[in-house]
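K.L.:
With the hints as extra help, turn the sequences into a complete structure.
2 protein chains.
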Amino acid sequence: MAKKNAFYAQSGGVTAVINASACGVIETARRHRSRIGKVFAGRNGIIGALTEDLIDTSKESAAAIAALRHTPAGAFGSCRFKLKGLEENRAQYQRLIDVFKAHEIGYFFYNGGGDSADTCLKVSQLSETLGYPIQAIHVPKTVDNDLPITDCCPGFGSVAKYVAVSVREASFDVASMAKTSTKVFVLEVMGRHAGWIAAAGALAADAKTDLPIVILFPEISFDKTKFLDRVDSMVKKYGYCSVVVSEGVKGGDGKFLSDQGLRDAFGHAQLGGVAPVVANMVREGLNLKFHWGVADYLQRAARHIASATDVAQAYAVGKAAVELALKGKNAVMPMVVRKSQKPYKWTIGVAELKNVANKEKFMPRDFITEDGFQITRKCRDYLVPLIRGEEFPPFKNGLPDYVILENVAVPKKLPAFVL
Amino acid sequence: MAKKNAFYAQSGGVTAVINASACGVIETARRHRSRIGKVFAGRNGIIGALTEDLIDTSKESAAAIAALRHTPAGAFGSCRFKLKGLEENRAQYQRLIDVFKAHEIGYFFYNGGGDSADTCLKVSQLSETLGYPIQAIHVPKTVDNDLPITDCCPGFGSVAKYVAVSVREASFDVASMAKTSTKVFVLEVMGRHAGWIAAAGALAADAKTDLPIVILFPEISFDKTKFLDRVDSMVKKYGYCSVVVSEGVKGGDGKFLSDQGLRDAFGHAQLGGVAPVVANMVREGLNLKFHWGVADYLQRAARHIASATDVAQAYAVGKAAVELALKGKNAVMPMVVRKSQKPYKWTIGVAELKNVANKEKFMPRDFITEDGFQITRKCRDYLVPLIRGEEFPPFKNGLPDYVILENVAVPKKLPAFVL
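Chains A and B, in that order, are what the protein sequence lines are.
The first sequence begins at 1 in this note's numbering and counts up by one.
The second sequence begins at 1 in this note's numbering and counts up by one.
None of these hints come from the bench; they were simulated from the model.
Every value quoted in this text rests on a predicted model; they were computed, and no experiment measured them.
Backbone N, C-alpha and C fix where the C-beta goes; we use that ideal spot for every residue, glycine too.
A few of these clues could be false.
Far from chain A, some chain B residues (derived; all Cβ distances over 10 Å) [claimed, not checked]:
1. Glu-87
2. Asp-223
3. Lys-236
4. Pro-343
Derived BS3-like pairs (lysine-lysine); straight-line CA-CA distance at most 25 Å [as the list claims (entries may be wrong)]:
5. B/Lys-255 with A/Lys-289
6. A/Lys-339 with B/Lys-396
7. A/Lys-345 with B/Lys-396
8. A/Lys-179 with A/Lys-289
P.N.:
See below:
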């Protein structure tokens, strides 16, 4: 087989460890220079491929690439852009082939979630449908942990650790103040459809550290009366309570709880979060003093408190993607396989992309307690290993020393293409 | 001098390192057992003294007390409760003396901010006015960094580090996504009157890490047009922008920007934060996609990312408080003195409480740039040493291993007292 170049792109919302996967891809490719030429990264994801805006990662030093392992977010830029079906948009796929041909690209590594798995699957079929030889390997990434088949998704362990640590710390704070001040703290976390991130908030408490925590999952229809009853009983027992609410929680009417039609004094619509909505319910229903927080990007970018397990798995799927390519595989995704629960052992397996694309994994009902406000033992056993271990980034002047790459552009060879 | 017991209490909003001060007080007192008997802590602050709800810290192991150094929030409980003047409320002061007498307390260590310094000063005058010999030493604590005289306040360095790290991480995230998605990220931080915490957001960027950051200080009257112009120019130059907004920012009318009279669909008043208000301005004024976060308690409880400098200073003021007491001092506060800027060197000095109580230290105008949206070199030189160094807590199962004390009650000797 002739030596081919590789294309790598980051897709969708970024994570604390997606760059660790990039690191795994690039370092592994560099160890196989006899078979893989250069790794070109798409600037801003797949858009970089379509617009022939490629980054030559060979211009980056070994130290800079190594530093990706401890740098959060997308070092080459990511994007929210979903390719349509081949029938609907043949021009885009033809363009991809033109760019791949022009730059002698034979490997396509796509680092993303469910939508990206679908795009990757379509690209993998290009050789059949448009006659261009390409091996497309999907590298799993999502904070939401909603990809099927893989035991967990790189990116999730770190956001889970961030949320668990934050809820533990905030709960200690509220416990201190509850006698005369705040009694309920509400933290809004990500998860529009699946409650994995909210579930991680429950890890803040354990056998040694007894903390009153109420979780609101998107999988459970919100019942205001039951919720206020639960908060009330927690506050009566502990003196305070922390609430972790998933951004995607819906009421019995199927509408997002955050969608309260807020208007300012001039009648302008205001986009609010779900945390203040829940906090206001606590105030109106129970007359308790509250505080609320919204973690937003802080949670998924928090490389400073990343899970060492997550970092290792993110690197491993990047490395495995290149190794699968070298074995001639196409339309596959390296995945995390849980070999043993206690002690926790994992390895990398291989999933067929057609089984991954466009499927969402929700919290199983037996991971949530009967009453809908907490996680079960089974869920805890699943989650705990994923947040274990610390791999702190290097610090300089009090701050994590994250790398910003040179991102040198590959000279263009083709005419411009309008997206 | 006869051997006396000591009273220690935590006051007001807690911090990531107030327990490190408690650790300094208790460990130092334990090293002087010949002169200081037991350290009794007030359960829930000064309320514990008034209600004779005392905690016997001598029941805690050396390991548990040592663990306070790495545990956030108030291990004995804090409170928001300000003693009135002696003339207005003689009964409360008389009660304090009764409790002190009953438990042979000769030292009063009060760990708090400006209001607490005032309370501490009043207690220090009890020996003169009510004839009871007590030495009152204030131990400085506040995330707001608004105490006068001391170079900085224990508690501030850690919240500053949290905010700087978070803004750096979130900015990396937004930078990745800006091409097709979020272009402006707004983070709300604490600081109702003083902008020190917001200022720390500017540290996210430095000579090596160029990030577009706009700061909104409570000291600078908010000008919507200028603000939107600044964000617009940042987004044009960098493709994105992060905004750090202090909760206390006020408009030209002197009203809090967060006070927008929000109503839900039923016309109920909603308590919102300032971050969504600012984010909505960006959307309406510039039509840019945004995200916003509210750090709330997460910022001040984040012991996992505490500044080593801050931890050391928090411990040092606790230790110094006991040493000052042993030297016979009264109505004083150990403070942080900056001996040298480069290299940063500090030592502990002594302030007279009458010069500290009820005074707030705002950001000097020359710490804020002319345009009002950034910090000056002078401010940066002041702030950087305060966030330097990491002193990570021990971790267990992926989470910081914080201590929850036994908090054994001292048997009561007096009749109940109604607050």
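K.L.:
Does each hint hold? Answer for all of them.
P.N.:
Hint check results:
For B/Glu-87, the requirement that its beta carbon stay farther than 10 Å from each beta carbon of chain A is met, with the minimum near 24 Å. Residue-level check passed: B/Asp-223 sits 18 Å from the nearest beta carbon of chain A, beyond 10 Å. In this structure B/Lys-236 is separated from chain A by more than 10 Å, as the shortest Cβ-Cβ distance comes to about 17 Å. The claim that B/Pro-343 lies off the interface holds: its Cβ sits roughly 12 Å from the closest Cβ of chain A, which is beyond the 10 Å cut-off.
Restraint check for B/Lys-255 and A/Lys-289: satisfied, since their Cα atoms lie roughly 22 Å apart, inside the 25 Å limit. A threshold of 25 Å between alpha carbons decides the hint, and for A/Lys-339 with B/Lys-396 the separation of about 22 Å falls inside it, so the pair holds. Distance restraint check for A/Lys-345 and B/Lys-396: the Cα-Cα separation of roughly 18 Å lies within the 25 Å cut-off, and the hinted pair is therefore satisfied. Restraint check for A/Lys-179 and A/Lys-289: the C-alpha separation of about 11 Å stays at or below 25 Å, so the hint holds.
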